[in-house]
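Engineer: Build out the structure end to end from the sequences listed, making use of the hints.
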Amino acid sequence: MARVTALRARIAALSATLFSSKLRVELRSKSDTARLKTLRVSLDGGVVYTAPAQTIFDRAEVVYEHAVAAGPHVVAVEVERQDLREPRFSTWQTSRFVVVVPEKRLLWTRLELEDESSLGEDFKEHESGQYELGVRLQVEVSE
Amino acid sequence: MRMHGRWLRAALVALAGSSAGRAWAQPAPASAPVAPSSAPAPPEPSGFELGPYQSALARQRLDAAGPLGTEQLRQLIETAESLLSLGRRDEAIASLAGVVDSSSFMPLAGLDEGRAATFLLGDALGRARVYDLARDYLARLLQTPKSDSWYRRSVARLVELGLESGDPAPFVATLASLPASAGAPGAGDIAYLTGILHERAGNPRPALAAYAAVSRESRFWAQATYRAGLIEVDQGRLGEGEKLFCRIADPKQTPRLAPLFGGNEFFQIRDLSRLALGRVAHEAYRFDDARYYYHLVPGDSERLPEALYESATSRYEAKDYAGAHALLGELRELGGHHVYEDEALILDAYVDLAQCEFPRADAKLSEFLARYEPVLAAARQLAKDPRSLRSLLGGPDGAAASELGGSGDVAEMIRTSVRIDASYAGVSRQLADLDRELGGLRAMGAEIGQLEAAVAGGAVAARPVAALADGPSERLARFDEQTTALRRLLREAGQSQHPPQVELAAIALELNAVEAEAASWRTRSTPTEPAAPADGQDMPMLLSRDAALALALERAAQGVRAALGARQEELAQQALARLEHRLARLVRRARAGRIETVLGRKRALELEVEALSQGFLPQGAVDSLDAARYLSDDEEYWPFDGEDWEDEYIGGEGLR
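Chains A and B, in that order, are what the protein sequence lines are. Mind the numbering: the first sequence is residues 1 to 143 in the numbering used here, read in order. Mind the numbering: the second sequence is residues 1001 to 1656 in the numbering used here, read in order.
These aren't lab readings, by the way, just hints derived from the structure by calculation. Among the hints, a few may not be true.
[Said to hold, decoys possible] Listed next, the stretches of chain A that the computed footprint assigns to chain B, with coverage defined by at least 3 CB atoms under 8 Å from CB atoms of chain B:
| hint | stretch |
| --- | --- |
| 1 | 10-18 |
| 2 | 48-56 |
[Claimed, not checked] Partial chain B-side listing against chain A, Cβ under 10 Å, derived:
| hint | residue |
| --- | --- |
| 3 | 1130 |
| 4 | 1435 |
| 5 | 1539 |
[Claimed, not checked] Here are the simulated EDC-like pairs of lysine to aspartate or glutamate, each with C-alpha atoms no more than 20 Å apart in a straight line:
| hint | chain 1 | residue 1 | chain 2 | residue 2 |
| --- | --- | --- | --- | --- |
| 6 | A | 37 | B | 1435 |
| 7 | A | 37 | B | 1433 |
| 8 | A | 22 | A | 65 |
| 9 | A | 37 | A | 114 |
| 10 | B | 1319 | B | 1330 |
| 11 | A | 124 | A | 86 |
| 12 | A | 37 | A | 103 |
| 13 | A | 37 | A | 58 |
| 14 | A | 104 | B | 1452 |
| 15 | A | 22 | B | 1452 |
| 16 | B | 1384 | B | 1302 |
It should be emphasised that the depicted structure is a prediction, and the values quoted were computed from it without experimental measurement. C-beta atoms are modelled at their ideal positions from N, C-alpha and C, and glycine is treated no differently.
Structural biologist: And the structure:
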């Protein structure tokens, strides 16, 4: 583990020096009915952010910002959500997005997670309900 | 139901071990999983080894780092703290390492800002569970005679990491050079860590001495006292153990500030101590004392089900059946699943048996069999399917039902009934960390290629997106999901009324063959033997060396992963075997109990006949003389009220 961490730190330091393009990942989660149980953000297959337990992203937070090579990259978000009122109702969702980082610019990606599921509230009373999940990624070239 | 000394010790140790990962938890056994040695890994670094890169960048005039002063350090600390507060650990480590490992940091290392940056780096590495590097950086703060807040925080953090890592030996060695006088900063913490180390090594006497040295002002006072009590009990000195447990359990004997220093964990240990006191009293047949101690466990404690169950057991042994029933009723009212659910139901039925309430006991035993025979069958089925078992124990909550063909309640009962070894959580955590690192290593190979292109001054070739988004590992993961679903369908088909055995066996064989092929693909997808790294200190050489290192680390990590996976499977199988053993025993007891209820009813009838023959009418027979019993719903019985009234019409019939 120590060698892997040292290698990651070396490569991160070099990337910061040698690459002039940057990628910023901002995250926001909107839901009154569900809580995040697990959340991981990956870049090109490597996990770059794991949310600590009990984190609430009701305000937009930057979860990753680093220099990257210009060109296409895959931003992925893996999320497990649990209904606040009825924890039996859970969802798992993995979404991947290809973004293209321009040369010498910052690409600002805004991930928005929405959950308007009604199962936890409705199923007990009406024996019906629905899962309604959304992941939106807004991309903007900045600076 | 009677406990014995060995059982008691095992129960106490298991009790402590069930809270893995906490600072006061039972130290992992000597056979606790550590990184297996089968896969040769490169030697551990002493730091981040950024020096050669920084020199190479400076030679190429690419070093973007500006001058470093206290102001820059303050900004760096502020940034790193905000990154850590958001969980952006890797970024915090990278930014701190770039500065703390640089040559320009040396003159600032002794300043308050420099020491803060070093502490933050060690702390961040500890959060990432990179214990060796964390220890190296935190130990730097102990090498100066300056006993400032960073010194004290380093000692405290080193002790925490020593406990968390499960291998306190190197941390104790690092802290050994510090003054051990009672007033020295962190002396109590270090004594506690030393005690844990001795206990792990199986040396109870030095462990007791170390625990005794933990001062009342230490945040680990309760943990040390509790562990000392466990050792005393383990050595058969129940009285000594009881005294130590009492110090924590009884607020009058507890040091006034202990709850303040101990935090939330103090109250958890107080609950454990009360349970331990109950068990010690129970062991000595002091049933009333045992009830009192168990009663002290508060209603909001997570140990309440244990306390109620143990207390009911002691009341049963004391022949206070009404008391046992009341406690079991309380336990039932708690609702939800708990680890004593199965045993409590059996105990409840046996209390009824002891009270000669045979129909009630029979109903409870029948309920137990109806509920737990499917669980036992599912446990036996899972024993043959390691992957489903792993998924059930370590997967997300909702996945449990699908592993057992949608039987959510049975799955939940297995999850709550199985008493997983504390080291299972440790292995699962190591596996999760390793998977995270493996993902990063794969991505790193491509990043190093881009860095090489950037250093060479050429354009960075765009990577094919398809390969990034849908690589072989993703496809293999999808394949795993599909085979798991197929296995579940096969299981469900096998449980139907008339399963087509021949066809199912053929499908299972084919599935095994496909899985074996996938396993061979998995092996083929592992990186090839890395080329021998070139010597030299210029940038391309350094990068090619790191590219080779990334491949070597990936190979080593895969070896470690395989070994950890095998260990995890072994632990899961052991836990399941224990569950199966326990349930089989309880099912046998339930069946034996039902036989007892039949025998009991027969004996009751015999007694009744015997009484009749002697002229005693049983209550039932006396009741049968009651005329009101024979009236139907629309009839009313007017009993003779003891006075005859003359009919007022008698003699008056002819008047009209």
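Engineer: Given the proposed pairing of residue 104 (chain A) with residue 1452 (chain B), does the C-alpha separation stay at or below 20 Å?
Structural biologist: Holds, at about 18 Å.
Engineer: Does residue 1330 (chain B) lie within 20 Å of residue 1319 (chain B) when you go C-alpha to C-alpha?
Structural biologist: Roughly 18 Å separates the two Cα atoms, so the pair holds.
Engineer: When you check the alpha-carbon spacing of residue 37 (chain A) and residue 1435 (chain B), does it fall within 20 Å?
Structural biologist: holds, 19 Å
Engineer: When you check the alpha-carbon spacing of residue 37 (chain A) and residue 1433 (chain B), does it fall within 20 Å?
Structural biologist: Distance of about 18 Å is within 20 Å: holds.
Engineer: Straight-line Cα separation of residue 37 (chain A) and residue 103 (chain A) no greater than 20 Å?
Structural biologist: At roughly 36 Å apart (the allowed maximum being 20 Å), residue 103 (chain A) and residue 37 (chain A) break the hint.
Engineer: Checking one constraint from the list: CA of residue 124 (chain A) to CA of residue 86 (chain A), max 20 Å. Satisfied?
Structural biologist: holds, 9 Å
Engineer: Taking 8 Å as the Cβ threshold, is the statement that the stretch 10-18 of chain A is covered by chain B upheld or broken by the three-residue rule?
Structural biologist: holds (count 9)
Engineer: Quickly compare the C-alpha distance for residue 1384 (chain B) and residue 1302 (chain B) to 20 Å and report which way the hint goes.
Structural biologist: Roughly 33 Å between the alpha carbons, so the hint for residue 1384 (chain B) and residue 1302 (chain B) is violated.
Engineer: Against chain A, with CB atoms and a cut of 10 Å, does the hint on residue 1539 (chain B) hold up?
Structural biologist: Status holds, d = 9 Å.
Engineer: Would the hint linking residue 22 (chain A) and residue 1452 (chain B) be met if the CA-CA limit is 20 Å?
Structural biologist: Holds - the C-alpha atoms of residue 1452 (chain B) and residue 22 (chain A) are around 18 Å apart, at most 20 Å.
Engineer: For the pair we were handed, residue 37 (chain A) and residue 114 (chain A), check the Cα-Cα distance against 20 Å.
Structural biologist: holds, 14 Å
Engineer: Does residue 1435 (chain B) hold up as a contact with chain A if the rule is Cβ-Cβ below 10 Å?
Structural biologist: holds, 8 Å
Figure legend: structure checked against the earlier numbered hints; hints not met, in rising order: 12 and 16.
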